[in-house]
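Here the protein sequences line up with chains P and H, keeping their order. Reading the first sequence from the start, the letters are residues 1 to 116 in this note's numbering. Reading the second sequence from the start, the letters are residues 117 to 231 in this note's numbering.
These are computed hints drawn from the structure, not numbers from a lab. Please note that a few of the clues may not be correct.
[Said to hold, decoys possible] Looking from chain P toward chain H, a few residues come up when the C-beta cut is under 8 Å (computed):
| hint | residue |
| --- | --- |
| 1 | Y25 |
| 2 | G33 |
| 3 | G43 |
| 4 | E44 |
| 5 | F47 |
| 6 | A88 |
| 7 | F91 |
| 8 | T104 |
| 9 | I105 |
Yeah, the Cβ is synthetic: ideal placement off N, Cα and C, and Gly gets one too.
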Amino acid sequence: AQKITQTQPGMFVQEKEAVTLDCTYDTSDPSYGLFWYKQPSSGEMIFLIYQGSYDQQNATEGRYSLNFQKARKSANLVISASQLGDSAMYFCAMREAPGGGFKTIFGAGTRLFVKA
Amino acid sequence: DAGVIQSPRHEVTEMGQEVTLRCKPISGHDYLFWYRQTMMRGLELLIYFNNNVPIDDSGMPEDRFSAKMPNASFSTLKIQPSEPRDSAVYFCASSPGGAGANVLTFGAGSRLTVL
Numbered sequence: 001a002q003k004i005t006q007t008q009p010g011m012f013v014q015e016k017e018a019v020t021l022d023c024t025y026d027t028s029d030p031s032y033g034l035f036w037y038k039q040p041s042s043g044e045m046i047f048l049i050y051q052g053s054y055d056q057q058n059a060t061e062g063r064y065s066l067n068f069q070k071a072r073k074s075a076n077l078v079i080s081a082s083q084l085g086d087s088a089m090y091f092c093a094m095r096e097a098p099g100g101g102f103k104t105i106f107g108a109g110t111r112l113f114v115k116a
Numbered sequence: 117d118a119g120v121i122q123s124p125r126h127e128v129t130e131m132g133q134e135v136t137l138r139c140k141p142i143s144g145h146d147y148l149f150w151y152r153q154t155m156m157r158g159l160e161l162l163i164y165f166n167n168n169v170p171i172d173d174s175g176m177p178e179d180r181f182s183a184k185m186p187n188a189s190f191s192t193l194k195i196q197p198s199e200p201r202d203s204a205v206y207f208c209a210s211s212p213g214g215a216g217a218n219v220l221t222f223g224a225g226s227r228l229t230v231l
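Chain P extracted, bound-state conformation (with noise of 0.2 Å):
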C-alpha cells in the first residue's frame, strides 16, 4: 500500500537561505509520480515541482529542487534562498500508475517558517 511520511511539522530557516524538507514515501509500484505541493494561509494548493520513478535527474523548477533517492525512497524538497513569502505548508504526494490507477496520496505536511 501506498504511503508517504513527512516527519517535520514545523521548520523555521532564516531568510535568504537554503532549508530541505523531508519526505519519504513507501510503494510497491515500480512507475509512480511524487509530488510538492505549497498551501499558503489562504488555502490554497499550489503545485511546486514533479519527480518521476524514473527520471534519471533531480527535478528542478526555479529556487524548487527535489533531491531524489530511489534507493532510499525519499523525495525531500530543497528551496534555495528562502522568502518571507515562502511561509506554507508543504505537502509531499505520491502517485501510483498506471497500475496502481494513478491514485495520489498526500503526507502530513511541514509548515515552514522563514524568519526576517
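Please arrange chain H on chain P, whose structure you already have, making use of the hints.
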C-alpha cells in the same frame, strides 16, 4: 481555462442536514479527486473517478458520504445526515491521464461547518 471550480466556498449547516458540494473539473481532465482536509487528519483522499467512473472509494468515511460524477464536467459530494465531525475543508482536484506528470490541479476548496 477557469481551473477547477468548487461551490459553495463556505457552508454552515446544522447537524442532521444534507450537504451537497459541487465540483467542475478542468475540461479534458480524465481524473477527478475529492479530498478532505482537517487539522487532525491532514489531507485525506475520499474518492476518485476516472472518466466519470469511481475507481477507489475506500477513503469515504461512512455511508453518510456519497459522490457522483454524472458527466465529465460535474461531480458532487453529498453528506447526509451531516455531523459536527464532518466540519472540514473539502477539496476537489482534477488531472489528465496518460503518460507524463499528470499534475493535480485543485479547486479553492469548500469550507464546511456543521453546528
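- Give me the numbers of the hints this structure contradicts, sorted from smallest to largest. 1 and 6
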